[in-house]
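Trainee: Here is how the chains run, residue by residue.
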Amino acid sequence: MIRVVLPFHLRTLAQVDGEVTLDVPRPATLGGVLDALEAKHPVLRGTIRDHGTLRRRDFVRFFACEQDLSLEPPDSPLPEPVAAGREPFLVVGAIAGG
Amino acid sequence: MSTIRVLVGTRKGAFILTSDGKRGKWSVAGPHFAGWEIYHMKGSPADPSRLFASQSSSWFGQIIQRSDDGGMTWTIPGGEKLPSPYDPPSPGASNRFIYDTSPETGKPLTTHLWYDGTQHPWEFKRVWHLEPSLTDPETAYAGVEDAALFKTTDGGKTWHELAGLRAARGEQWQPGAGGLGLHTILIDPSNPDRLYIAISAAGAFRTDDGGKTWKPINRGLKSQYIPDPDAEIGHCVHRIALHPSRPGTVFMQKHWDIMRTDNAGDEWHEVSGNLPTDFGFPIDVHAHEPETIYVVPIKSDSEHFPPEGKLRVYRSRSGGNEWEPLTKGLPQSDCYVNVLRDAMAVDTLDPCGIYFGTTGGQVYCSPNGGDSWEAIVRDLPAVLSVEVQTIP
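Protein chains in written order, with this note's numbering: chain A, 34 to 131; chain B, 731 to 1122.
One chain only, chain B, in its complex shape:
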């Protein structure tokens, strides 16, 4: 029987929840990296035992952790303890994220738009999202704040920037209230040279040449909170998701609005339909039904909690527009948690399992595509991210 491993990043450490394919009984391991913020943790599709984790703190900055045994033990790649203090340090420095300002690739782009309309230097703050390669366990991408995309090809020991991204109007990118974070990285499984990324509050971008050059893909988005509502740059995209069988169809939860494109981002249209509110953070796609998508409506950008105190996941089986609330097993009164953008994931079993974590520390699982839910754990620190591995 398959094993399900749920990787949970929280404000105060990482937790790994494990179950068999029935998804009824769970074991909880952690906290790993107790006391640190774990923005994201994800396993390599090419080697499920290899996990990457982004560990950070306001005091001591960024650490990258890696496990090669499914999360039982962790090492800091490139930071291995030296046999002798007089040995030269390893060339690796997995927490060294230096922006590329070289003339050839960085161009050199050194500033972006600041809150007050002036230009502001790019400053690395943390890794928001880690996206391992679909085929090579040594390769992974990191989306960072201030927004940029980095890549490792040595298992996380060293990272280099794909600076062509910031050449896509980077001087116009402006942070939202949560910072200027690159939070979503999608790899096209049919074309490894095609990646999509999303940045708050710049928009979505696509490369078709493995990351050398990028273009904004925001046509069709409308945002009332920027001076020109349909500008090419400036949209606060919260999350994008795709189904592996249809990589040209991408779904988006924007600050407000659920959007959809069927031509790889060249044109978007709204599919918010009958949702009670189209503000929210996560969006995800059913593992076996490319037109079945999930969102968690949140009341507004001023009130980051569910409408009416009822925690409801909404499912559309038609790729948007027509939505149904999923409530069985979820609190339907006095619930004022939020679900953050990286805190929803699906497994690949049949029926498909849906998972999400809340700022109240609950991690919910639906082993039946959303029909009913049960809390795996209820009292973790605030959940920042949830990822799921389905291990045969």
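Chain A with its partners taken away, still in its complex shape:
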């Protein structure tokens, strides 16, 4: 199972507390995680990536194992610790201050 950590507002939308666990087809890829996440929580469709183009929204980032995976193509394999469920896949909203 792959562990996904969502930002506050997406946890509220999806009505989940804590991490989301997903069963992702192997080999687990970035796009595969998002597909599984949206299938399990349809309310998240359009909030992380655009409906039509499936492009990541500008202010959303993907981190895992201290790496920024935001610019990786969707068919990129996830780091092995994430695929194995030892490390979470983080969906992060960009910082805004003021």
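These are calculated hints, taken from the structure and not from any lab test. Please note that the accuracy of each hint is not assured.
Said to hold, decoys possible - From the structure, some residues in chain B lie toward chain A, with a derived Cβ separation under 8 Å: (1) 761; (2) 765; (3) 787; (4) 788; (5) 789; (6) 790; (7) 792; (8) 802; (9) 806; (10) 809; (11) 826; (12) 832.
What the hints assert, rightly or not - Partial list, computed: chain A residues near chain B (C-beta under 10 Å): (13) 42; (14) 43; (15) 45; (16) 77; (17) 78; (18) 79; (19) 81; (20) 83; (21) 93.
Owing to the predicted nature of the structure, the values given are computational and were not obtained by experimental measurement. The beta carbon of each residue, even a glycine, is placed where N, CA and C say it ideally should be.
With chain A fixed as given, assemble chain B onto it according to the hints.
Mentor: Okay, now just chain B, sitting in the frame of chain A:
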């Protein structure tokens, strides 16, 4: 006794203010969708318990929310949680606003005028305004940025574009500083095939065939900030309003100028009259007096606050030209809030109640047609929209 429900959209959530018909004591519920921008929230005239809300954020985009119990609980239509993660997702996606580029209807129009004079792709950003059908609770219209009109006939689960609108010179539409938003949708109660819409900064448009075809209705408008002041396209219309008993008479607050048409937009004339400034955002019509209209003059397009720091609603009982300031109960010194285009509404009680919200977080009510005002709440986040339901 009737119940009044005031639906308030703010920068950081939605609030619902409720009172009985006396409009003296109010209860405040919210924030709903805390932390999100609520551009607009409106109830269905056909089923007042059904509310639609536009929830959005720069991070996570657009969400459409719907309530079937007057705002106590909300669901995202089409986004219902699945009994099993292996079930196919529902076909609905209430936040899926895809522009129609099909040859039959979209034509395909893919670009509009950009700030630098080049053509720019149409990109969905958010829903500015939701207008439920007058007769069918499953049907509603959504005005979006970049400007287009969408319609749902399944309670908000799915939306499709009425692409004929963008065929009305869409390639010439250009965003104002606030974006290219379709912000006003008026349905003619005597003819459901007739709708008016307004776009900043393209102008006003009308359909007489239920949204298939549209025409610009901007003759008579003059705008000094465009190369040709009386061009057919390019006017920054801030808001339009009509009285249900006279749907051919439409009032307009333009970027500058208060305008009026008595032939459904075929020709407009100015009725700014003795206003201290004719810049502003909202305009609305008294529920029982079709010639009584309200505006909130703002100093200028460079200084978005009331002249002299005095918050004044102006009322005309003659359909324009002759205006009187309404100040009782409103701050008359050191007030520098703005009132945005969708932040004024009226109830249908007698006497008519007038409501507006400010960027300073106040929501004011006048239970007597504007003669006196009282703040229902004072410290909400900046108010983006105010709508009122009068429930028997």
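Trainee: Of the numbered hints stated earlier in the document, which are not met by this structure?
Mentor: 1, 8 and 12
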